[in-house]
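2 protein chains.
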Amino acid sequence: MKIFCAIKLNSNEKEFLLKNIGNSEVIFQDELAIDPQKYFSNCNVCFGNIPRKWVEESTQLNWLQLESVGYDPYMDLTNRKVKISNLKGFFSIPVAESAVSGILSLMRGMNELALLKVKKEWVGAAMRPSLRMLEGSNVLILGAGAIGYQLKKLLSAFNCVVSFYAKFNTEAQYFSSEELSKAISEADVIIGCLPESLETIHLINEERLSLMKPTAIVVNVGRGSLIDDAALAQKLIDCSIAGAVLDVTPKEPLPEDHPFWNCPNTILSQHTGGGYEEEVLDKVKVFLKNLQPYINNEPLNNLIP
Amino acid sequence: MKIFCAIKLNSNEKEFLLKNIGNSEVIFQDELAIDPQKYFSNCNVCFGNIPRKWVEESTQLNWLQLESVGYDPYMDLTNRKVKISNLKGFFSIPVAESAVSGILSLMRGMNELALLKVKKEWVGAAMRPSLRMLEGSNVLILGAGAIGYQLKKLLSAFNCVVSFYAKFNTEAQYFSSEELSKAISEADVIIGCLPESLETIHLINEERLSLMKPTAIVVNVGRGSLIDDAALAQKLIDCSIAGAVLDVTPKEPLPEDHPFWNCPNTILSQHTGGGYEEEVLDKVKVFLKNLQPYINNEPLNNLIP
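Protein chains in written order, with the numbering used here: chain Y, 963 to 1267; chain R, 963 to 1267.
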């Protein structure tokens, strides 16, 4: 078995992988000086996200373990031989914590306080009437996956009333386009954690943003394409909604001239939501755990449809 | 009955108070041009925090409803005639939310991200290994009052293991000085929400700060005197602990030359923890609710010992 390792590992993570992988040969992409696709083309297994084209052109590849939850670049492949597994559920705890952190930052003024500290400026009591509580908020979550359920768990402690929009999940409360619009108009906090598909692109468009309460906050920890970014920036600049927490944006890195940089009441968490110290090592562990059924010719975990 | 209103109310709040107070005469301190103590000295009831001296010198005052939870300025009065009630429990929800917001800000990098947004600087994936999760943390809460219990409720959703230090509360796990030191050495997050007394001043001193794990965070939402601020600033500057969330400080406003302003990984929330839009109106409601038993000569709520 030859394994192509496209995910970037540090020396400890490489050592851990090699110690636990048995006799298989491993090629680390970051150690190749030239033509990585040539080396890749001889491998049966790949760990890490490689260009779609490589998958399509490969004749040897049997299994691709992605280093992400999102698999939209690999949908509807003509190469039907390759099994692809993703990291379903892997990021739910850190992403949900980042989302709640962002919401609380806006409500409790933490982002503003961070700027005041740099300026050594004391505002104190004068800030208090501008603060709000998350307690008891009406929260609408778009997408009823692992992140959504983790969010519900955290937000329930704040006595939030949490409901889900999801087209094909019977545990959701809202399914249709009309139900979504009505739910948006009633929510205090709207959190997007949907995968990308043709139907989710700009699902939150100008019209739906206009339905939001002026006191409501919109959060996106799914895919940047969910929200019409030009329309959202305008709402934020006009203060016609109360704020936004954006872990994902249509382009990343966010271009320097993008209006989001200048929007008030906006937290740009720069796609760090899934991050934590042991993140990459834990990804290696997921790969190793899935390698066992692969070797034994048993069903793999988290195969994408 | 003559009521002296020392708490600063806006016109709506004054109107609400007057509409609900019946025939009593109300004197608003902020409408007096001169000598407020003279007007105060004729009143039987006071709403809001006035100088200790006024209480001591008053012959007419029967009841003082404080606008705070803290009552340390009014302890051991020689004037034993006055009943004093505080706002026990009033701030527990917003303060607990601010504390969790501050902890999550440090762990999920939100305070740093706020500064990057101002600079329009994208760091993105490079930040991820520096982030941490609150999930599963060992949290030690000093003080087992309303704020402590609200914190336990919120933190339990993050699967934190929460324990309490409190000298005289049987529901706490740690009571003695030795137990406190041991618990500090084991905690990932230490949250102070103790009232001020001779025993709590600098309870968190240099020695106890030195026992903290290098990865631990200290939070103070009680009284600024709890922590030796010079010692804490040094630990933060040396990065020998992971951070601090300080809603209260020994002096407020924090003097411009105080080292806290320059400490890394430090959130200064400027005593805004209890704040929210309807805060003052809700205080008026608490006063009005306590006015009924006062009028009926029944026991008042939240009398201080």
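No lab work stands behind these hints, which were simulated from the structure alone.
Hints may be right or wrong, so weigh each one.
Any copy, or any two copies together, can satisfy a pair, since identical chains are not distinguished.
When the alpha-carbon atoms are kept at most 20 Å apart in a straight line, the in silico DMTMM-like pairs for lysine to aspartate or glutamate are as follows [said to hold, decoys possible]: (1) K1082 / E1218; (2) K1115 / E1074; (3) K1175 / E1074; (4) K1115 / E1168; (5) K970 / E1169; (6) K1115 / E1097; (7) K1015 / E1083; (8) K1197 / E1158; (9) K1144 / D992.
Only a predicted model underlies this, so the values are computations on that prediction, with no experimental measurement involved.
Against the structure, the hints come out as follows:
1. K1082 / E1218: between (27 Å within a copy, 7 Å between copies)
2. K1115 / E1074: neither (27 Å within a copy, 26 Å between copies)
3. K1175 / E1074: neither (22 Å within a copy, 29 Å between copies)
4. K1115 / E1168: neither (30 Å within a copy, 38 Å between copies)
5. K970 / E1169: neither (41 Å within a copy, 42 Å between copies)
6. K1115 / E1097: Intra 14 Å, inter 12 Å, cutoff 20 Å: intra and inter.
7. K1015 / E1083: neither (54 Å within a copy, 32 Å between copies)
8. K1197 / E1158: neither (23 Å within a copy, 45 Å between copies)
9. K1144 / D992: Neither way: K1144 and D992 sit 49 Å apart in one copy and 46 Å across, limit 20 Å.
Hint compliance for this structure: hints 2, 3, 4, 5, 7, 8, 9 are not met, and every other hint is.
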